[in-house]
Amino acid sequence: MAFSLNNESISYNDQIILHSLSFNIKRGESVALLGKSGSGKSTLIKKLYESRKEESSYIPQELSLVENLSVYNNIYVAKLDEFSTIHNLINLVKPAKKDVDSVTSIIKQLELEDKLLQKVHDLSGGQKQRVAISRAIYEDKSILLADEPISALDEYLSSIVTRTLKKNFETIVCALHNVEVATKNFERVIGLKNSKIIIDKKCSDLNADDIQKLYYVCE
Amino acid sequence: MKKILMNLLLVSSLFSQTFTFSAIPDQDETKLKERFSKLAVYLSKELNVDAKFVPIKSYSASIAAFRNKQLQLAWFGGFSGVKARLIVPNSMAIAQGVEDTEFRSYIIANVKTGLTSSDKFPKGLEGRTFTFGSKGSTSGRLMPEFFIREHLNKAPSKVFSKVGYSGNHTKTISLVQSGAYEVGAVNYKVWDAGIKAGTIDTSKVKIIWTTPTYPDYQFTVHGDLDDTYGKGFTAKLKATILNLKDKAILESFNRSGFIEAKNSDYAPILSVGKSTGLID
Amino acid sequence: MFASKNFKVSFLFVLIGLISLYFADLEITTIDATSLSQDFFFSIFSMEFNNYSVLLEAFLRTISIAVLAIFFSIIFGAILSLFFNSLLVRISLAFTRSIHELFWALIFLQIFGLNTLTALLAIVIPYSATLAKVYAEILQENDTFTDTLRGKDKLSYFIYTKIPDALPHLISYTRYRFECALRSTAILGFVGITTLGYYLSSSFMQGLYHEVWLILIVFYVIVASIKKWFNKYTFIPLVIASFLYLDDFSGFNLANLKRFFTQDIIPYPIKNDLGLQSTISWFEKIFVNEILPGATNTLVLTQLSLLLTAILTLILFPLVSSKFTNKPTKISAHIFLVVLRSTPEYILAYIFLQLFGPSMLPAALALMLHNGSIISHLIGHDTDAMKLRIDVTKRKTELYFYEVLPRIYGQFLAFLFYRWEIIMRESAILGVLGITTLGFYIDSAIEDFRLDKMFLLLLVTAFLNILVDVISKKAREYLRATKHISACDLRQNK
Chain A
913 MAFSLNNESI
923 SYNDQIILHS
933 LSFNIKRGES
943 VALLGKSGSG
953 KSTLIKKLYE
963 SRKEESSYIP
973 QELSLVENLS
983 VYNNIYVAKL
993 DEFSTIHNLI
1003 NLVKPAKKDV
1013 DSVTSIIKQL
1023 ELEDKLLQKV
1033 HDLSGGQKQR
1043 VAISRAIYED
1053 KSILLADEPI
1063 SALDEYLSSI
1073 VTRTLKKNFE
1083 TIVCALHNVE
1093 VATKNFERVI
1103 GLKNSKIIID
1113 KKCSDLNADD
1123 IQKLYYVCE
Chain B
96 MKKILMNLLL
106 VSSLFSQTFT
116 FSAIPDQDET
126 KLKERFSKLA
136 VYLSKELNVD
146 AKFVPIKSYS
156 ASIAAFRNKQ
166 LQLAWFGGFS
176 GVKARLIVPN
186 SMAIAQGVED
196 TEFRSYIIAN
206 VKTGLTSSDK
216 FPKGLEGRTF
226 TFGSKGSTSG
236 RLMPEFFIRE
246 HLNKAPSKVF
256 SKVGYSGNHT
266 KTISLVQSGA
276 YEVGAVNYKV
286 WDAGIKAGTI
296 DTSKVKIIWT
306 TPTYPDYQFT
316 VHGDLDDTYG
326 KGFTAKLKAT
336 ILNLKDKAIL
346 ESFNRSGFIE
356 AKNSDYAPIL
366 SVGKSTGLID
Chain C
1395 MFASKNFKVS
1405 FLFVLIGLIS
1415 LYFADLEITT
1425 IDATSLSQDF
1435 FFSIFSMEFN
1445 NYSVLLEAFL
1455 RTISIAVLAI
1465 FFSIIFGAIL
1475 SLFFNSLLVR
1485 ISLAFTRSIH
1495 ELFWALIFLQ
1505 IFGLNTLTAL
1515 LAIVIPYSAT
1525 LAKVYAEILQ
1535 ENDTFTDTLR
1545 GKDKLSYFIY
1555 TKIPDALPHL
1565 ISYTRYRFEC
1575 ALRSTAILGF
1585 VGITTLGYYL
1595 SSSFMQGLYH
1605 EVWLILIVFY
1615 VIVASIKKWF
1625 NKYTFIPLVI
1635 ASFLYLDDFS
1645 GFNLANLKRF
1655 FTQDIIPYPI
1665 KNDLGLQSTI
1675 SWFEKIFVNE
1685 ILPGATNTLV
1695 LTQLSLLLTA
1705 ILTLILFPLV
1715 SSKFTNKPTK
1725 ISAHIFLVVL
1735 RSTPEYILAY
1745 IFLQLFGPSM
1755 LPAALALMLH
1765 NGSIISHLIG
1775 HDTDAMKLRI
1785 DVTKRKTELY
1795 FYEVLPRIYG
1805 QFLAFLFYRW
1815 EIIMRESAIL
1825 GVLGITTLGF
1835 YIDSAIEDFR
1845 LDKMFLLLLV
1855 TAFLNILVDV
1865 ISKKAREYLR
1875 ATKHISACDL
1885 RQNK
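Protein chains in written order, with the numbering used here: chain A, 913 to 1131; chain B, 96 to 375; chain C, 1395 to 1888.
No wet-lab data here; the hints were simulated from the structure.
Check the hints yourself; a few may be wrong.
[Stated by the list, open to error] Not everything, but these chain A residues come out facing chain C in the computed CB check (under 10 Å):
1) Y961
2) E979
3) N980
[Claimed, not checked] Subject to a maximum C-alpha distance of 30 Å in a straight line, what follows is the list of computed DSBU-like cross-link-like pairs (lysine-lysine):
4) A:K1010 to A:K1114
5) A:K1040 to C:K1556
6) C:K1556 to A:K1010
7) C:K1546 to A:K1009
8) C:K1402 to A:K1078
9) A:K1027 to C:K1556
Where is the CB? At the ideal position from N, CA and C, for every residue including glycine.
With these hints in hand, go ahead and build the complete structure from the sequences.
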């Protein structure tokens, strides 16, 4: 089991925003968390991350990129704790070939390879999202917790990105607000509305009624 | 860097021979520089030391420099000398100008005020704007303030509508002449020299009163000069100043010669300082 | 609009400003101000200096001291900014910052004498504190990396996630501070250190206005060209050159330092064991005769100058905004503002004092012109970037009141509140020129060699300053106008 919540309430700034949640997420599952902004999905994603910090990567909605650093260095940040401080300092001046190669192999999968040495500052919103995703992949963990990581990507890139994520992570929980993207690319959807779960199903089991409900959730 | 290296290389003997002196900035800087550069040459020659004049911007800074032993000799006013000798143990007055035993201040006024000169303390000062020289000056501040208090029984700030401190005597004259202030107090020597040099426009500013006399300027030294410069140095320095006959130097000082001075000569200044509350 | 927070705060400050106006002494006392002014202004056509090598030396000295001062301030400021979370650090920095560099110079003059060491300390101490505060703010403002992702290797994370985005701001603020350091160093000449101010005040004292103009204009050129000669390539060479040029840093004296803290600043009755009664009466006398009038006048001058600054800004900023003026007007207005801004308030006040005689008028004018030109410049810049509808009114008055002013008003107040503390610090120091604010009494105390009194008055000044700083911060929070407060540094200045 990757996550198991039993009748838990989740609060933010001392205010309860999700009441008595119960669900299980098994290892190997890819789950889309649907709901409109303010429904509590960001808080939930963050809480899940904090409960499994050692095994998971996290992509916050605001991406947490350093604008004046290159794409390469922004991705490298994921492993700052793994290398020595000296290695990190040298990397700023002259990166090791091994590190560059492994980063390049990741951004190739996301069609960003020509941006390796560009400053993040100069990238578009979609490109920035892919840099944040690359950073998560580079961290090399088994679980991904991502908050709206593909909101700025078109359909083509969304499917490439989700495919890449599935290849690199065993378990994925992803907050989304687009019903099509969710049902097309994920195995299971959880819909949050008015601080409750109102739908939780495998995508293959969804009927017309459920789809209707999901649109209602994301309104 | 150069100097740091020099410090390391040369023994302090070379340094101890530098003899630094200064003066309260009571007049225009150019005048002071002219006066004291001549004196520096004279002292260097007579005393066989490297006498160096350093210009200092304020009365208090010159006292501080003397206190911190950055100066060995200082040409102080009566008031600044008393203050310096109070805080520097064993320091002493050694020489004063012939005229300094009977020094005076002039109260001057812009002609447009209509104030007239008189032998008695002038009337009609109340409500005027008034400027002293420096806050720490004897002839430009302490004594005029003392006589104002004595005659009017009030602090200057209560007598005048506005009290300013021009900074030095030259400036006081120019401020009263221009009308920036209506009335002012000034060192009589500086005024007389200005009249002689033709730098004062007497159609715009004039003397309305001359104060009674009091002791003023003097040379003050540290008590331990002999330790640094050799036994008998202080006596030699004193004699050198008293024997000063060079016309050009005396003229730049506006003095006819120098005579002996001792700390007790300035007891009247000390008591005036105490009575006006300017000295604790 | 009339019930808005902006309106309430503005109304309150206008009211306080008007009350200050009533109490302020603004009389022009010079009988013949015009001839002096004419003398002064026409001397610009006969600029010269009697000894150019002395002038050159003064300029080199001023620049070298400023360079070294900023160099040390950057080091101390950067280190201290890392500890800015500590309340103790914040309080001590607020204190050192609240004392003007001229006051610091007056203190060190008593201890170490008139030398380079005194000049450096006088600038490095308050500047390190300011840099520490602003560096800490910039690091915080530009931190886009969420704490959730931050790992254990503190140093690496600091360098990778905090520095890169903050660096451009840190650099441009430091450059602005260097400009300030140049001004401050020049001003130090007024107390006797042989920088520009020394010759400026000497020439002024002697009525040699043609020399005054020469010094001022060369100074403007140096300030205006800072970007050309003070940048990342020249910085280290400049530091080394300055170090070699200044040459002599001796003068440190531990005994004098000890004497200052253990004797000089101890209240006279306590030092002489005169008992509690006389200690109280010592304090009472100073409080009634100096602290009370000094603090009142400082506040009156501050509030009046703040109001005048606000008014001037509202008039001036359209002149430097492309929304209101054509290019030639904008450029000439810009030059005018740069000149005003580059002239230290202290020198402006000094000039006006000579022209108008002693009252608060010269000080208020100086503070208004200096600060007004700075804020106008910033606001003008902001309005340039403002996007308005294509069909917006063509009439300038309507444009001003309906479109532009409402949009920039919050920012305008924020800038004013930021300058408030600075105006207060300047108000106090202008007393040294003879206006009876706290600086006047501090200067008198030094002149009387009552360093105990000087120290007490300095504490009062610092306290007032910190008070204004705190109120200003609260006001900005109340107005929620905190954006880019530390950016009130002409960061965008081209």
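Check: Which numbered conditions among the earlier hints are violated in the structure presented, ordered from lowest to highest?
Finding: 4, 8
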